[in-house]
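Residues per chain, in single letters:
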Amino acid sequence: MRALILFIAALCVSPVLAQQSLPPAPLAYQQLSDPAQEAAALALMHTLRCLKCQSQSIADSDAPMAGDMRHQVRSRIAAGEEPEAIRAWLVQRYGDYVSYAPTVSSTTWPLFAVPLVLLLIAGGILWSRIGRKPKNAGEAT
Amino acid sequence: MLAELGLAALWLCAALALLQLLGGALAQREATGELAALVRPAAIVQGVLAMFAFAMLLWVFAVTDLSVKLVATNSHSMKPLIFKLSGAWGNHEGSMLLWVTVMAMAGALIALIEKRLPEKTMQATLASQGFVALGFYAFLLLSSNPFERLPIPAIEGQGLNPLLQDIGLAFHPPTLYFGYVGLSVAFSFAVGALLTRQVTPEFARVMRPWVLGAWVFLTLGITAGSYWAYYELGWGGWWFWDPVENASLMPWLAATALLHSASVLAARDALRTWTIMLGVVAFSMSMLGTFLVRSGILTSVHAFAVDPERGSFILFLLILYIGGALAVFGLRAGSVTEGTRFKAWSREGALVFNNVMLSAILGIVLLGTLYPLLTEAFDVRVSVGPPYFNPVGAIFVVPMLLVMAVGPLLRWRGDSWERLKMPILVIAAILIVLAAAVYFLGDMSVLAWIGLTLAGGLAVASFLPLRGRNLRRVPIATWGMVCAHFGIAVALFGMASESAFTQEKLAAVSPGATEQLSDWNITLESVDPVAGPNWTALEAKLLVSRGNEKPVIVAPQSRNFWAPPQETTESALLTRWDGQLYAVVGNQAEDGRWQLRLWWKPFVTFIWYGGLLIAFGGVLAIIGRVKTDLKRRVVKRAIAQRRSFEEAA
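As they're listed, the protein sequences go chains A and B.
Residues in the first sequence are numbered consecutively from 1361, following our numbering.
Residues in the second sequence are numbered consecutively from 684, following our numbering.
In case anyone wonders, no lab produced these hints; they're calculated from the structure.
It is possible that some hints are incorrect.
[What the hints assert, rightly or not] Cβ-Cβ distance ranges computed for the label pairs, FRET-style: (1) B/Tyr1122 - A/Gly1440: 24 to 32 Å; (2) A/Trp1469 - B/Thr1206: 47 to 55 Å; (3) A/Ala1448 - B/Ser1128: 16 to 24 Å; (4) A/Ala1403 - B/Gln711: 55 to 63 Å; (5) A/Glu1441 - B/Asp1211: 39 to 47 Å; (6) B/Ser1128 - A/Glu1441: 51 to 59 Å; (7) A/Val1464 - B/Asp1062: 15 to 23 Å; (8) A/Trp1487 - B/Ile1002: 32 to 40 Å; (9) B/Glu1021 - A/Glu1441: 57 to 65 Å; (10) B/Ile1002 - A/Leu1411: 27 to 35 Å; (11) B/Trp1028 - A/Ala1448: 24 to 32 Å; (12) A/Ser1465 - B/Ala691: 53 to 61 Å; (13) A/Leu1411 - B/Leu1124: 32 to 40 Å.
Yeah, the Cβ is synthetic: ideal placement off N, Cα and C, and Gly gets one too.
All chains, full assembly: derive it from the sequences and hints.
Here is the structure:
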């Protein structure tokens, strides 16, 4: 409970203040004792964005906020929550931006459509260029 | 005074670049232009003057001339000399000056020594060089003057970002820039060939060393950048799919495709249009790499808005360069014939397949990098990261690597299945056995499993082109290929192994206590304050040993820089042949224990060894190609001589 209060406090006060005055939440730098749970937590942390850093996951960051998020993830996993439920909770709080694992939605569908199109184009090029028998094969110019 | 000399040299450079552009362009219209004769000398003088300007910048940084604005905002009198010098290009203006200096030097070099192509093609090439350089000069002189003076000299400099005060990072950007410049030179050759309709094997041979050189530098730059992120950021990650990283990866992908395509053109006079197109794409990607990183737009659209004037200039240049390149290609590509055709089951067929795969991977990285910027412009923020790039990229990487294993065994023009049945079955058998063996090795992700399997198969396959040959008579360029392909396998093994077998330990440790990680014993001896030239630090002494090995001390630090004030973690690495122990010291808890982060990463070093092997393969290929070209030139001269003898007789 204290951790949750700390977490909310960390979100409310300015980041500089958080950095200087509050000790990191207990599970920010401490692994879960159950290796399976820790592995699940780590896998999830690697797909969550550190909102204060540039392109780092919360598993790769010294930022206090990343530490607090790691604490959240670990304590919720320890409490038996499913990783995807935790992700959904975080997305609800911070928006899609927090999750590196893109889901197909009205804003992200091109991310998945384009690779498919690329596959088709690649297939098409290969079919037209080297799939058919060339007419004048072997003719050196 | 010296700063002003540098500035004057820059203005002269700009004028010479303009002369180069006009002379080269006019030479295309007239039979003999008087300006055309000035193109080569202009390129040479421009190279010398640009070097002079850059030397002046180095000088004002070396002596910390605080009346120069750039020095005052990026340097500090207390910095070690090497970081004073590297500070000259560790900022926006300086890096642009370095870029254009290298470009001008490359231009001078081809103006001096390149005599193989028709003179008109060379003039068009140098005109294109002048055009690209002119944009940079305009940018430097109009919106980012590196020699700008302060009205009142500063008392002390503001210092360089401590993260950048690292020998690896001091040389990381120049390495990448050399690569970008090499690709611009290749592009200029492509423009020259396209404008004069001389897309010939000779053109490919002239362009190839530049592409290979660019590729070697990009490979080294990416490898070094990845290692830097690995040890400097302190969490053991080595690739983040960060937009800045992607900006260097995209030109590499394009250059990889281009160098293979240029080989086909040089050897077989096939893939003419495709090679030119890849030249255009590679150049566009290097411009993207140069400018997007510097504009700040990659981190956030909002960061871009901090300096909209400069940002708009950059976007304008980008559109001009890429648009211009595509326009020249679109207008002229139709007049270039396709070249010799070939069968699907041939060396060319395999190379085309991999070219298409590389282009598709490039497309995905480009999409994943730019898409978040696009949505951010509409106020929707999405994150695209490893969970997207890894699996989607793998769809194209895996077939590409499989074809890479077989491609070098195929003959040009066409080959028979019968001839290659044995080696292909051997590779397939190795892959199947490895897949099963790795499957039982432990719990790991699908991608790591595929990676380990493929790495083993590729490592063997990369040496197959040497089978049945007299090793002393194998051309150097072939050794280069073998080395680079083997390097891919080594790097892949490192990546997969790191992902599959890394062990992590986070612990709060009191001095004297011992932690276990894998089969390592790690004892925290003490934590003491230490001081450097512009920082103080807390240094942990860790006594580590494995089995009966003699214990070794590793000493991670938590550093505090004072100009500018910033805290960094300096990780300590202990390298063994089979992996690295990675140690970081964090904060002290209230009860007096120290936060330690420890990782054992089996074979992680292979990632960068692989990168080095790939680059070394590129160097071998350059040596081999240049040697053959020189020999060819000697033979040609001898034939010409004999002919003139016979005619005289």
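List of violated hint numbers, smallest to largest: 6, 11
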